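**Q** Each chain is listed here by its residues.
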Amino acid sequence: MDIDRILVAARGNGVDQVAVELACKIGGKSKAKIYIVYVLEVNRSLPVDAIIRPDIEAAEKVLLEAEEYAQAHDFEVETEIIQARDVGPAIIEVARQNNVDLIVMGMSYKKRFGSFTMGNAVPHVLEEAPCRVLICREPKA
Amino acid sequence: MAKSLYIVIVGGGNIGYYLSKALLNQGHEVLIIEKDVRKCERLEDELGSCCMRGDGCETAVLSEAGLNRADVLIATASQDEDNLVSCQVAKHRFKVPRTIALVNNPINDRIFKKLGVDATISVTNTILEHVEQEIPAHPLIHLLTMSGQMEEVVELLITRDSPSVGKSIGQVRLPADTTIALVMRENERPRIPDASTVLRENDRVIALTTMDSEKILEKLLLS
Amino acid sequence: MPGTESLKHNKLVIVIMGCGRVGGKLASMLDAAGHRVTVLDIDGYSFRRLPPTFSGTALIGNGTDEDMLRKAGIEGASAFIALTQGDNRNVMAAQIAKHVFKVPRVICRIYDPLRKDIYEQLGLESISPTEVFADLLFNRLENVK
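Protein chains in written order, with the working numbering: chain A, -4 to 136; chain B, 9 to 231; chain C, -12 to 132.
Because the hints were derived from the structure by calculation, they are not lab data. A couple of the hints might just be wrong.
Said to hold, decoys possible - Below 27 Å or equal to it, Euclidean Cα-Cα: the simulated DSSO-like pairs (lysine-lysine) are:
id	chain 1	residue 1	chain 2	residue 2
1	B	121	C	85
2	B	121	C	-2
3	B	175	B	43
4	B	99	C	-2
5	B	227	C	12
6	C	58	B	223
7	B	43	A	106
Model, not experiment: these values are computed from the prediction.
Chain A extracted, bound-state conformation (with noise of 0.2 Å):
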């Protein structure tokens, strides 16, 4: 298994660091590239490439922190915040425009209705992804 450039898709659920920590421990032998893209969801009743700054603001030290734990490890790291309507699309299509071997993606437990729900981002990554896809479910509260 050659896994020589790594997806994470951070979403700011206080997952974002164990994907990360993920990332890092399987492209440590080949010592992979890793991209960390956080895609930014944006209301309809805003332009998609509207500014909010609160949001802008808690995606960027999401992803520094992401690039200073990788780096440390040393890793080679790329970042980068996307906006967008749907937050799946928006990582298949990252994916698909580096040519990544590899996504991993954290989740924390849900419920909705008093079901289990995985939303519907990690669905649209499992069905659509070209690669491989690795999710990190949280434990249980």
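Following the hints, put chains B and C in place on chain A, whose structure we already have.
**A** Chains B and C only, in chain A's frame:
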């Protein structure tokens, strides 16, 4: 390129699909609102993230669609009443500057405009107009409907038994919102008439009128 | 009922669109009170809800069609009530009755409370059964407490 608009289309059927495709190509931002999940998925596969699942008559759905910043709403559902409600909610609740509705029943053309829809498109009327233009001696032909208004341009053929034959335009008591713009006569250049211009058999008259006055005009000039 | 007394004095011409449970019931009540009632429904089977004594007119047709409303005698009507299952159909027919035919009293049923609010603001007399019934239940339960 001209200013890019945010256009919301209600209904992801054939018209909604082809319309979005063309508008996206022109560089506009487009969102389709469609009730059917499978249609939504197909549209997203083809056109990208430009579809939302929901009922385009519901305030909550339209609010989520960001209608507050929409420049145009186009209602393309198959039922006239659904299109009316989408346009009215868009207009009155979200102040969308331009609303366009598809209508099936041609009578609704006029009613929708009266009820505040900016423009209507009636397939039935479009076909009818083409049929009228194919018939050489049809007495009244719709040439043009002014967008967003109740005004239209019609062509009338004065026949031998028209009540207006031999009368001057001043004598024909036209409705206040109606103007005869042009009189066309065989072997003569079309002329802009005045009150003294006398109408003759076989004259073709181009008039600017309104949907409400069309019937009166027809009565005065034709029978 | 306070309204019934005043209704009895002058005979009204009323067009009701939709002969469901409410439409059928209202039609037979108004008919029994001596008014001239025309009921419209797209499904003739709905007219089974009218009592055998019903002396008004039952007409098969779509009330959002101007021509059909004319056939139902909307031009001389003193009231029009829109009671089909579809909010949008009701809203459209009621607006035609009010703005095209200038019917003096038009009442429209709109299940969706949000839509009802919008059309009420636009001057259409509207009732949301959803709201009315939820309020009724809420008040009863609150009073038990």
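**Q** Next step is simple, just say for each hint if it's right about the structure.
**A** Tested hints:
{"no.": "1", "hint": "B/121 x C/85", "in the structure": "15 Å, holds"}
{"no.": "2", "hint": "B/121 x C/-2", "in the structure": "34 Å, violated"}
{"no.": "3", "hint": "B/175 x B/43", "in the structure": "58 Å, violated"}
{"no.": "4", "hint": "B/99 x C/-2", "in the structure": "39 Å, violated"}
{"no.": "5", "hint": "B/227 x C/12", "in the structure": "45 Å, violated"}
{"no.": "6", "hint": "C/58 x B/223", "in the structure": "20 Å, holds"}
{"no.": "7", "hint": "B/43 x A/106", "in the structure": "25 Å, holds"}
The earlier numbered hints that this structure contradicts are 2, 3, 4, 5.
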